[in-house]
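Q: These protein sequences, in sequence, are chains A and B.
If you count the first sequence from 1, position 220 lands on 220 in this note's numbering, and the numbers rise without skipping.
If you count the second sequence from 1, position 183 lands on 183 in this note's numbering, and the numbers rise without skipping.
Among these hints, one or two may not hold up.
Now the stretches of chain B that chain A is said to cover, found in silico as 3 or more residues with beta-carbon under 8 Å [as the list claims (entries may be wrong)]:
{"#": "1", "region": "19 to 28"}
{"#": "2", "region": "104 to 118"}
{"#": "3", "region": "123 to 132"}
{"#": "4", "region": "141 to 149"}
Among the chain B residues that face chain A by a calculated CB cut under 8 Å, a handful are [as the list claims (entries may be wrong)]:
{"#": "5", "residue": "N36"}
{"#": "6", "residue": "I39"}
{"#": "7", "residue": "E43"}
{"#": "8", "residue": "N76"}
{"#": "9", "residue": "L79"}
{"#": "10", "residue": "L137"}
{"#": "11", "residue": "E138"}
{"#": "12", "residue": "N170"}
Hint data in this document are derived by calculation from the structure and do not stem from the laboratory.
In this text the structure is predicted, and so the values were computed from the model without any measurement.
Every residue gets a Cβ at the ideal spot worked out from N, C-alpha and C, and that includes glycine.
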Amino acid sequence: MDMQKENKLKIPDIIIKELNQETNLEEKMILHEWLSQSENNILLFERLKQKENLVSVVKERNKINKQDAWEKINAEIMRIEPGNRFSILRMLRYAAIIVIPLLIASYFLLHKKSLNSNPPISFSALEKQVQDFDQSSLITSNGEIITLGASKDSIFEIDATKITKGVANISYSTDKSQNDQGIKYNTLVTPKSKVFSIILADGTKVWLNASSAIKYPTQFTSDVRNVYLTGEAFFEVAKDASKPFIVFTKNMSVEALGTAFNVMAYPDDEVTEATLVKGGVSVKTVKNELILEPGNQARFNKITENLQKRLINVELFTSWKDGKYIFEYENIETVLTKISRWYDVDVSYLNNDVKKIHFSGTLFKYNDIKQTLHIIELATNVKIDLVNNSIQVNKK
Amino acid sequence: METEILTKLSKGDKTAFKYVFDMYYSSICLFIKKYNFDIEQAEDIAQEVFIKIWEKKLIFKNSLAFKAYLYQTAKNLALNVLQHEAVKKRYQEQFSYNLESEDFFFQTFIEQDSYRLILQVVDKLNPRAKEVLYLNLEGLKNQEIANQLGISINTVRAHKVSAYKFLKMNLRDLVLLILFLLFR
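Please model the complete structure; the sequences and the hints are all you need to start from.
A: Right, here's the structure in full:
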């Protein structure tokens, strides 16, 4: 904590002492410094001494029912921790959570070099692959194309890595006999309306949203774990303190050691967003970088090239991997763009004014598209018609 | 606040937790209320703050560190709920404060925590004297206080005297003392 902030935090105690004429010289100096910083501070100090304000504060406080509040809190605590006895394991678990963010922060400060490496791939090529495939596909390092989702579980080997294929997911396991022949990359591509999940060789789990592609190493033998993404994916990165896991998108890179976060980088969107659920990540763009804490989101605007950090409700940005989208006061254009990717439809607006309308609600992916559109119609002032594979949006 | 309480708190001692709850709950509610909430919403968020404090069981090196963490968490949760840009913008336009700014945080923190400490002293009065004091502050006359509390007017005066003596020792400069003199 820097000195300025620490002094400001001491002000309430110093004020009370001042009212009691008990301040020492150092405290008097801190108080005077604070008072001299702004007229607002002087006004606040005077207000605190006025009886009228004290009375109104007391009245406000009397409206608070502490007893009820305690019962609610107590009930919640008992619900979370029914054992509620001192547990060393629990203490260690929480200690680890505090320590890890510190480690991550210091790691990022000390190892800046790894963040600057330019990705050796072309994002245009990756984006084109998304356009080219109408089925979920895996493209191996030697160019072989495997269509996924068609058959059930089958096991086959490629590049000495065993791949286990389920209907909607793939899992890699490391065969340690493989020695380093240069990193081999596979690319997983999803078309519109398909979500796919994959477990990488280090145990990292990736959910790939529709119209997306991720290029990843079949084995993590070097000292970094680099993957390349276009579209949207949610990552649960397996912890490996010796190897940072970096997601490269066209405009932004996200680096983590072991954590859970979402990256959204669709080529036709104006923004690229990285949302952190757990742990810590470092986000870099060409001109900026910042570190995220859980509940934060880094948002890069391609037009203004501005990188912004904001506090958000993570659920709104990660629920897609559980088959639903939660919207809070989101504009219709964004809502329908997301839906169009899910259901593989086009969107056209017969009235541009409707784009400004806002929608709040939860939409389930596995509903029939007509149901989903109907929900939006009921909640807003839009009229949506489904004509062949196209959504037409108009005002009611 | 004693280090003992902080240590116990980090170990999940519920008595220590109730102690900090009693000490800070009301102030945290009013602090959050300043972020443009009504009292019910503020209480809900404040309860979440305390639950979070309980869950995290962090180790604080002193009470200042604890206080900082408590109010910062309250700020973060409050802003989290206020995520709608539209709501924030309207508030900013109306009151020209930036709710997310550090300045606003410190102003609000200093205000609420100071009241907390002032009232903490008042809270130490014996319950009856406190009741009399609060009613007095609200503007009731001695007879009205006597009627409301079901005691004699002499008892009311006696309570005022003891309250006055107590506060004189503990909050000398507070203007409210003048009130006593006016009503004697």
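Q: Test coverage of the region 104 to 118 of chain B by chain A using CB-CB distances below 8 Å; three residues minimum.
A: holds (count 11)
Q: Take the shortest C-beta to C-beta distance between E138 (chain B) and chain A; is it under 8 Å?
A: With a minimum Cβ separation of about 6 Å from chain A (threshold 8 Å), the hint on E138 (chain B) holds.
Q: Under 8 Å is the threshold here; is the Cβ of E43 (chain B) close enough to any Cβ of chain A for the hint to stand?
A: Nearest chain A Cβ about 6 Å off; hint holds.
Q: Measuring from the C-beta of N36 (chain B) to each C-beta in chain A, is the shortest one below 8 Å?
A: Constraint on N36 (chain B) not satisfied, violated at 15 Å.
Q: Examine the region 141 to 149 of chain B: at least three residues should have C-beta closer than 8 Å to a C-beta of chain A.
A: n = 0 at 8 Å, threshold three: violated.
Q: Let's test the interface hint: is any C-beta of chain A closer than 8 Å to that of N170 (chain B)?
A: 6 Å, holds
Q: According to a criterion of three or more residues whose C-beta lies within less than 8 Å of a C-beta of chain A, is the region 19 to 28 of chain B covered?
A: With 4 residues closer than 8 Å to chain A, the region 19 to 28 of chain B meets the three-residue bar; holds.
Q: Does the closest beta carbon of chain A sit nearer than 8 Å to the beta carbon of L79 (chain B)?
A: Status holds, d = 6 Å.
Q: Can you take a look at whether the region 123 to 132 of chain B is actually covered by chain A? Rule is 3+ residues, C-beta closer than 8 Å.
A: With 0 residues close enough to chain A, the hint is violated.
Q: If you take the shortest Cβ to Cβ gap from N76 (chain B) to chain A, is it below 8 Å?
A: 7 Å, holds
Q: Take the shortest C-beta to C-beta distance between L137 (chain B) and chain A; is it under 8 Å?
A: 5 Å, holds
Q: Would the hint on I39 (chain B) be counted as holding, given a Cβ-Cβ threshold of 8 Å to chain A?
A: 6 Å, holds
In this structure, the earlier hints numbered 3, 4, 5 are contradicted, and the remaining ones agree with it.
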